[in-house]
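Visitor: Chain by chain, the residues:
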Amino acid sequence: MLNFLGKRILQLIPTLFFVSVLIFLLQHLLPGDPALVMAGEERDPAVIAQIRQQYRLDQPIPVQYFYWVKGIASGDFGESLRIKVPVRELIAQKLPVTMQLASMAIVIAFLIGIPAGIVSAVKRGTVWDYGANLFALWGISTPNFWLGIMLIFLFSIELGWLPASGYVPLSENWRASLASTIMPAFVLGNAIAAILMRHTRSAMLQVLESDYVRTARAKGLSERTVILKHAMRNALTPIITLGALEFGTLLSGAVLTEQIFSVPGFGKLIVDAVFNRDYAVVQGVVLVTATIYITLNLIADIAYILVNPRLRG
Amino acid sequence: MTDAVIVTSVIAVNDELETPARRALRRLFARKGAVVGLVVIMAFIALAVFAPLIGPYDPVATSWALVRKPPSALHWFGTDDLGRDILSRVIFGARASLVAGAIAVGIALSIGVPFGLLAGYRGGFVDALIGRITDAMLACPFLILAIALAAFLGPSLGNAMIAIGISTTPVFIRLTRGQTISVKVEDYVEAARAIGNPPWRIALFHILPNILPALLVQATLSIAAAIIAEAALSFLGLGQQPPSPSWGSMLNSAQRFLTNAPWMALWPGFAIFLVVLSFNLIGDGLRDALDPRSR
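Taken in order, these protein sequences are the chains called A and B. Per the working numbering, the first sequence runs over residues 13 to 325. Per the working numbering, the second sequence runs over residues 166 to 460.
The set of hints was computed from the structure by calculation and includes no laboratory data. Do not take every clue at face value.
BS3-like mimics (lysine-lysine), calculated; alpha carbons at most 30 Å apart, straight line [said to hold, decoys possible]:
#1 Lys135(A) to Lys231(A)
#2 Lys96(A) to Lys19(A)
#3 Lys197(B) to Lys19(A)
#4 Lys197(B) to Lys135(A)
Start from the sequences, fold in the hints, and give me the full structure.
Guide: Following this line, the structure appears as structure tokens:
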């Protein structure tokens, strides 16, 4: 176990290195001189020269990379070119908003996906199974921005039940906060619910055919006990780690969902930064999401070993 | 007992007579979902190819007299904020979506498969290096990577396809590598090596044909994801540029007129949904049809 963990963490170092190189090189993909692009409308040679010096653009790329990484290691992600605020502050401000959305989405995904998966496995071949599979196909195939627009039309414009856009922090007013985030959270959770449903179904089908479930049934336990106590517990452990891995899907989804519902989170931050050509912000946001994703992957791996005694050894 | 033996041997003979590709096709066509998916995709391909013949109006012709008219006998899907016919735009929009899905996945396959073969066949340092780069790319959420790439490359449909293709590549590297590792220890690969075939020949003619089924399934599902991604980039203004019709950018303008002209949002979204659903159905069907375990 410790051996495995050590190896796993050692593997992270080159991965993180390549992530940082990848993100750093994004800026150099751009045709032309980055200093000119950063200067934007400004055509004053003195300003451009100053930018070139400030960002060390006059030095070789490996040197630029070294200083960039050095800055990040000490928590300095650079400064937003557009609004002259440290990128770190922007991230600290926007991340909690997206985290709230993401946590609500995960809860919704688990609440829908797991029961649907269990029911469709237990009632295999029935209308229930058919319905749950249709739901999963629908969830995987619906573009979340379209679903968001349709929900706004139904619940905000037609029925007037929920606000169409905006965000209220949880600390300010929890009711208003939930009202402003429930639609985007559902849009985000919906696709993940579909994925969870499919995995839960196949895991349950496998477990239901196993010897210990047959034994439990042979002992004369009620079907309810067999499913809820014996089958479910074993089928769900891999599903819970899967939930952690779906975090990447969540963040990708948040980009458009936040755009549609005007939620000032991480996704909106990166889209705005992309349009303002605010490279420091884009790089910072991508780097932070990748690091969160890698960390969650690690936690999922560890959790998987902890709950699976056969892998502990 | 004897009956059972006879029956299995008859099935075995039938199986031998049938080529694997033909068997997979037969099994694919036995699945209703996959057949529905295939029919819908064929229909959309026909729409895209024959758009100028099928589309009732010019998709970019604006008309101030027809701004945001609800669906009618003349304009079945209604008109948009510039008086353009939505049905025609949905029909022409199929071009951008289908082409983007196919080309993005083509890019991902043509980069991902060679690198996956190399990593899986060579092993060692090459494998470790390619593996870590793949991990790094997979650590950046798919759409965020695609948006960042598209933004840095500049907004256009071509660049969106490249961005989506590159973002899809690591999935194919990882899949090809894994499949290669499990296939390269098979006897027929050993035999090919024993008679002195060079590595590239073994990879191309002995390993690749045997991992094609897995690649085909993943490619189909990836086309679905790529089409959603293209719509997403166009929605954000990073894909197909106006006035050329694309489903994603149609949804973008529709959002501003949701109160007065909800029909603008309905049809392009429904078109994306139908195409993506169909590719998912085909992908699921192919997976079942090509899986030796479910034979």
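Visitor: Would you mind marking each hint as holding or not holding in the structure?
Guide: Hints and how they fare:
| no. | hint | result |
| --- | --- | --- |
| 1 | Lys135(A) to Lys231(A) | holds, 22 Å |
| 2 | Lys96(A) to Lys19(A) | violated, 41 Å |
| 3 | Lys197(B) to Lys19(A) | violated, 46 Å |
| 4 | Lys197(B) to Lys135(A) | holds, 21 Å |
Hint compliance for this structure: hints 2 and 3 are broken, all remaining hints hold.
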